[in-house]
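2 protein chains.
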Amino acid sequence: MSEQLIERTPSAHYNPLLIKSLLDNPIRQFPEQEIVYGDFKRQTYRDLGERVSRLASGLAGLGVRRGDTVAVMDWDSHRYLECFFAVPMMGAVLHTVNIRLSPEQILYTINHAEDDVILVNTEFLPVLEAIRDRIEPVKKLVLLNDTGQTPATTLDIGTEYETLLASGDPDYKFPDFSEDARATTFYTTGTTGLPKGVYFSHRQLVLHTFGTLAALTGTGQGRFNRDDVYMPITPMFHVHAWGIPYAATLLGVKQIYPGRYVPEQLLSLIQRESVTFSHCVPTILQMLLASPKVEEIDLSRWKVTIGGAALPQALAKQARDRGVDIFTAYGMSETCPLLTLAHLKPHMLDWDEERQLEIRCKTGLPLPLVELRVVDEDMNDLPHDGTTSGEVVVRSPWLTQGYLKDPQTSEQLWRGGYLHTGDIGTIDQEGYLKITDRLKDVIKTGGEWISSLELEDLILKHPAVTETAVVGIPDPKWGERPLALVVLKPDRTGQVDEATIRDWLKDFADKGIISKWGIPDRVLFVDSIPKTSVGKLNKKEMRQQYAQTIQGG
Amino acid sequence: MSEQLIERTPSAHYNPLLIKSLLDNPIRQFPEQEIVYGDFKRQTYRDLGERVSRLASGLAGLGVRRGDTVAVMDWDSHRYLECFFAVPMMGAVLHTVNIRLSPEQILYTINHAEDDVILVNTEFLPVLEAIRDRIEPVKKLVLLNDTGQTPATTLDIGTEYETLLASGDPDYKFPDFSEDARATTFYTTGTTGLPKGVYFSHRQLVLHTFGTLAALTGTGQGRFNRDDVYMPITPMFHVHAWGIPYAATLLGVKQIYPGRYVPEQLLSLIQRESVTFSHCVPTILQMLLASPKVEEIDLSRWKVTIGGAALPQALAKQARDRGVDIFTAYGMSETCPLLTLAHLKPHMLDWDEERQLEIRCKTGLPLPLVELRVVDEDMNDLPHDGTTSGEVVVRSPWLTQGYLKDPQTSEQLWRGGYLHTGDIGTIDQEGYLKITDRLKDVIKTGGEWISSLELEDLILKHPAVTETAVVGIPDPKWGERPLALVVLKPDRTGQVDEATIRDWLKDFADKGIISKWGIPDRVLFVDSIPKTSVGKLNKKEMRQQYAQTIQGG
Numbered sequence: 001m002s003e004q005l006i007e008r009t010p011s012a013h014y015n016p017l018l019i020k021s022l023l024d025n026p027i028r029q030f031p032e033q034e035i036v037y038g039d040f041k042r043q044t045y046r047d048l049g050e051r052v053s054r055l056a057s058g059l060a061g062l063g064v065r066r067g068d069t070v071a072v073m074d075w076d077s078h079r080y081l082e083c084f085f086a087v088p089m090m091g092a093v094l095h096t097v098n099i100r101l102s103p104e105q106i107l108y109t110i111n112h113a114e115d116d117v118i119l120v121n122t123e124f125l126p127v128l129e130a131i132r133d134r135i136e137p138v139k140k141l142v143l144l145n146d147t148g149q150t151p152a153t154t155l156d157i158g159t160e161y162e163t164l165l166a167s168g169d170p171d172y173k174f175p176d177f178s179e180d181a182r183a184t185t186f187y188t189t190g191t192t193g194l195p196k197g198v199y200f201s202h203r204q205l206v207l208h209t210f211g212t213l214a215a216l217t218g219t220g221q222g223r224f225n226r227d228d229v230y231m232p233i234t235p236m237f238h239v240h241a242w243g244i245p246y247a248a249t250l251l252g253v254k255q256i257y258p259g260r261y262v263p264e265q266l267l268s269l270i271q272r273e274s275v276t277f278s279h280c281v282p283t284i285l286q287m288l289l290a291s292p293k294v295e296e297i298d299l300s301r302w303k304v305t306i307g308g309a310a311l312p313q314a315l316a317k318q319a320r321d322r323g324v325d326i327f328t329a330y331g332m333s334e335t336c337p338l339l340t341l342a343h344l345k346p347h348m349l350d351w352d353e354e355r356q357l358e359i360r361c362k363t364g365l366p367l368p369l370v371e372l373r374v375v376d377e378d379m380n381d382l383p384h385d386g387t388t389s390g391e392v393v394v395r396s397p398w399l400t401q402g403y404l405k406d407p408q409t410s411e412q413l414w415r416g417g418y419l420h421t422g423d424i425g426t427i428d429q430e431g432y433l434k435i436t437d438r439l440k441d442v443i444k445t446g447g448e449w450i451s452s453l454e455l456e457d458l459i460l461k462h463p464a465v466t467e468t469a470v471v472g473i474p475d476p477k478w479g480e481r482p483l484a485l486v487v488l489k490p491d492r493t494g495q496v497d498e499a500t501i502r503d504w505l506k507d508f509a510d511k512g513i514i515s516k517w518g519i520p521d522r523v524l525f526v527d528s529i530p531k532t533s534v535g536k537l538n539k540k541e542m543r544q545q546y547a548q549t550i551q552g553g
Numbered sequence: 001m002s003e004q005l006i007e008r009t010p011s012a013h014y015n016p017l018l019i020k021s022l023l024d025n026p027i028r029q030f031p032e033q034e035i036v037y038g039d040f041k042r043q044t045y046r047d048l049g050e051r052v053s054r055l056a057s058g059l060a061g062l063g064v065r066r067g068d069t070v071a072v073m074d075w076d077s078h079r080y081l082e083c084f085f086a087v088p089m090m091g092a093v094l095h096t097v098n099i100r101l102s103p104e105q106i107l108y109t110i111n112h113a114e115d116d117v118i119l120v121n122t123e124f125l126p127v128l129e130a131i132r133d134r135i136e137p138v139k140k141l142v143l144l145n146d147t148g149q150t151p152a153t154t155l156d157i158g159t160e161y162e163t164l165l166a167s168g169d170p171d172y173k174f175p176d177f178s179e180d181a182r183a184t185t186f187y188t189t190g191t192t193g194l195p196k197g198v199y200f201s202h203r204q205l206v207l208h209t210f211g212t213l214a215a216l217t218g219t220g221q222g223r224f225n226r227d228d229v230y231m232p233i234t235p236m237f238h239v240h241a242w243g244i245p246y247a248a249t250l251l252g253v254k255q256i257y258p259g260r261y262v263p264e265q266l267l268s269l270i271q272r273e274s275v276t277f278s279h280c281v282p283t284i285l286q287m288l289l290a291s292p293k294v295e296e297i298d299l300s301r302w303k304v305t306i307g308g309a310a311l312p313q314a315l316a317k318q319a320r321d322r323g324v325d326i327f328t329a330y331g332m333s334e335t336c337p338l339l340t341l342a343h344l345k346p347h348m349l350d351w352d353e354e355r356q357l358e359i360r361c362k363t364g365l366p367l368p369l370v371e372l373r374v375v376d377e378d379m380n381d382l383p384h385d386g387t388t389s390g391e392v393v394v395r396s397p398w399l400t401q402g403y404l405k406d407p408q409t410s411e412q413l414w415r416g417g418y419l420h421t422g423d424i425g426t427i428d429q430e431g432y433l434k435i436t437d438r439l440k441d442v443i444k445t446g447g448e449w450i451s452s453l454e455l456e457d458l459i460l461k462h463p464a465v466t467e468t469a470v471v472g473i474p475d476p477k478w479g480e481r482p483l484a485l486v487v488l489k490p491d492r493t494g495q496v497d498e499a500t501i502r503d504w505l506k507d508f509a510d511k512g513i514i515s516k517w518g519i520p521d522r523v524l525f526v527d528s529i530p531k532t533s534v535g536k537l538n539k540k541e542m543r544q545q546y547a548q549t550i551q552g553g
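From first to last, the protein sequence lines are chains A and B. Taking the UniProt record's numbering as reference, the numbering of the first sequence is continuous, increasing by one, and the terminal residue is 553. Taking the UniProt record's numbering as reference, the numbering of the second sequence is continuous, increasing by one, and the terminal residue is 553.
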């Protein structure tokens, strides 16, 4: 005996979960709501609706058909938001190009994704010029131009974005099709190998939008609401700017797209447009809080969720001191991205600031529809005691179902029927996940696992330190030993030595917060710390570079 | 060329949208949160999780298999919530029996739904006893008993609910299956013909939950949140208590199930449990506000959304005067049910009370994923000008795809590919729907359409009137003419005559608010107004009864 499927009378309409279904109601209900592109443009939701139709119609005129791929190389803009809707809604695939990659990597992703049309901001023309002869086949180019001038380029520019829209049909009819159609694709770069393509369907993006909204709007603290003003500070090319542009549009909130990220400009926009909700990586927040301009600005209505890297308690404290409602988000390119949010539960709202800070810096509570487990190497569940750590594996309706044209790595990602995040974490009795390390960055010393993230967090608490990274260095006796790289604040350079940092950590070891084996044998003071193209610590490079330094030293 | 469907690596997990996916995270994240059943029982979310498993396991032990139907006859209780989850989660169909129907109608629905097991509250045993010989085939009965005593009954009771749970497995594993599996079924009764069965799949209920949550939690006013306390006052047998129990559970809020609705008891629960969010029909709200007990209770933290019938402005005003955050919801059995909510937009929060009241009493803004049109008889869209009225037709992922075993009426419901609500309404420039009448209740007089609801709303504003209904009565000259039935407040009986009410309406006609043709020729003062089993005005009966009265008089 099996379950009964519902019967469908022939005339009944079946609603596939398509991105277009997110757009109609907000445009009707909030037609005058604003969408702002830095200092360049102010438009309304009504404009958005009309321009999305014109864009799709214009692209169709350029020859874009269902199943084709349209690439975008732009800063965060109202145009990018229009592409988020128009391209998938016409049945094409949106390729959000990571413009921070090297030209060689960009070339690889354009060819690998088989882009048919590229929408390119004037600023990135030199990148395309550098690789033009190796793009196959030659693509049609649409220029995104904020300069007001015709750029000097040897590339064959098909048309300009606004010209394309002007010629488009404002009543373009978007077709119905399968909710499993591919809507977006983009590339994730680790420290090894070629970029890997992930991809998401209409169904996945719609469900991600609703899962995210349920978590972000239903909460007490850190709540995203219809009366918020939204500005992303995580690029739109990077995992759909965490999918929040879709959620923000559905809610009908005012949206600010800041263009290229310049700290003073971001702060000005927060002030001028009364921005109340953003998301960013720790590095950007640190830059904003370090800007002299921050003194002039009231941040007490600003809610910010932090992802991409662990949120150090010291940074969170700094933000809280300015009144920022800060909390962690967690996810990755493979997961659309959101998996958890570190909201305070209602009963925690009475807690003192320090206890709250600890929760805000946890990795968070799984979103609705996210099944998140912490498992041992045999995929057995580990106890939710806040200390036993294992790999984080997940299931959810919005996870990439593989890597593009890479069956082997796809199977590796999904081995055992769960997506493997490659992160090590613990779950506590309240249900909060805490990522303690990357599986590949955890330091294995004398049979014990030392969390590099935990050490970094403690070192960062030292008042003289502005940045740090801890990596495992091969050791003949212990397997690996931790090495700490430390950047001192400019006014403290030369005032702090290796012993100071080691003593600082020894205090925490004496209190039982870390194992005494966790205290690095060596602390190196450096001017800067190697990062990847998306601003993450490049530990692979550090391990290579400093293993030699140490052995040579 | 067609769209590209996403590729799925063999090991990737596909998450069907199943009701079980709503339950796991709240139980893990809010295990100590409370669920209260009137004065009978307090339990936690942890208990809920365990009891849902035990119930499914116990039902399986009784022989319930995937595709079977389990009927429930109970007041609103923690048990009913358990059935909302356990029965569909095991792949069976939950039949929520409308216990306000006549025994003959209940018999019809039990046989038509082909129930396999009936969970029945002691109080409804007499109903089953009356129809026992005609239930086919004989069902297994599970007793829901709050009395603490063994009831005297001639029925063959299989087991008692708590006994069944005690014997069940707290680690029962719920299977995966198609998201299009039927999860629930129940019957809608008009004033004509046999009850009609509607049905909803797992996918539909999950999407309804997320659509509802996005609208209810993302708003400024009337916001449902993690720190709310929820108590339904629309029965759980009636369209899933508007689906809010699923949404409340997902959020992890405290839930109160009040048993049978007794106004003083409801008020006591609101007070004792600090209830902050409810939904009900206007009649119930009126009873609550008319209770002497209301004087002792602070309702200023209570949010109530009103559906099932139009919310009269006079009643809304009365609620506002007590501080209640009141607003309209709209839907029907066929629509799962929610289609619209009459939330204030952010810019309306500064409006004066009277203008806000008008919005709160509109039918509302369509929920996310609801495509709602007002059309003429040829299905052309009518202008959104707030005055042009036509039939409301809808599409959404959560509409019944037909009537159970009734192909002809199913096609009628869905003619033209849209679900026909049978309601007449207008949409204004802000996007708010306002239902002006039922298609079958609108009064056609001299070529003009008169809204019976609008007349009722105006008559209700008269200080002496407590209840009213307006129906069209056949008229040889004009086709139809309106007749008003009026119930006066007890202390005003005999003090108001027909001319007073006609003059009252003439004022509104003079101001252009209604057509002068809308003033009823006859006003009859009556002791009560005929209602259907679910408490709606029974206009069919009135038309029959009073057409004769008038013609005879």
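Do not take every clue at face value.
Any copy will do: because identical chains look the same in the list, a pair fits if it lies in one copy or spans two.
Pairs of lysine to aspartate or glutamate residues, derived as EDC-like cross-links and limited to a Cα-Cα distance of at most 20 Å, are as follows [stated by the list, open to error]: (1) Lys531 with Asp227; (2) Lys506 with Asp457; (3) Lys540 with Asp527; (4) Lys405 with Glu7; (5) Lys511 with Asp180; (6) Lys20 with Glu371; (7) Lys516 with Glu264; (8) Lys531 with Glu448.
Just so you know, the hints here were simulated from the structure itself, not pulled from any lab data. All figures in this text were calculated on a predicted structure; none of them were measured in a lab.
- [ ] Classify it for me, Lys531 with Asp227: is the Cα-Cα distance of at most 20 Å met within a copy, between copies, both or neither?
- [x] neither (37 Å within a copy, 41 Å between copies)
Task: Intra- versus inter-subunit Cα pairing at 20 Å for Lys20 with Glu371 - done: between (27 Å within a copy, 11 Å between copies)
TODO: Indicate which option fits the pair Lys506, Asp457 if close means a Cα-Cα distance not exceeding 20 Å: within, between, both or neither.
DONE: within (14 Å within a copy, 76 Å between copies)
TODO: State whether the alpha carbon distance between Lys540 and Asp527 is at most 20 Å within one copy, between copies, both, or neither.
DONE: Close inside one copy (18 Å), not across copies (84 Å); limit 20 Å.
- [ ] Can you give me the call for Lys516 and Glu264, within, between, both or neither, at a CA distance of at most 20 Å?
- [x] neither (42 Å within a copy, 64 Å between copies)
Task: Same-copy or cross-copy closeness of Lys511 to Asp180 [CA-CA at most 20 Å] - done: Classified as neither: same-chain Cα gap 53 Å, cross-chain 55 Å, threshold 20 Å.
Open item on the list: If the cut is 20 Å between Cα atoms, do Lys405 and Glu7 qualify within a copy, between copies, both or neither?
Closed with: between (37 Å within a copy, 9 Å between copies)
Open item on the list: Within a copy, between copies, both or neither: which one fits Lys531 and Glu448 at a CA-CA cutoff of 20 Å?
Closed with: Classified as neither; 27 Å inside a copy, 74 Å across copies.
Hint check: violations occur at hints 1, 5, 7 and 8; the rest are consistent with the structure.
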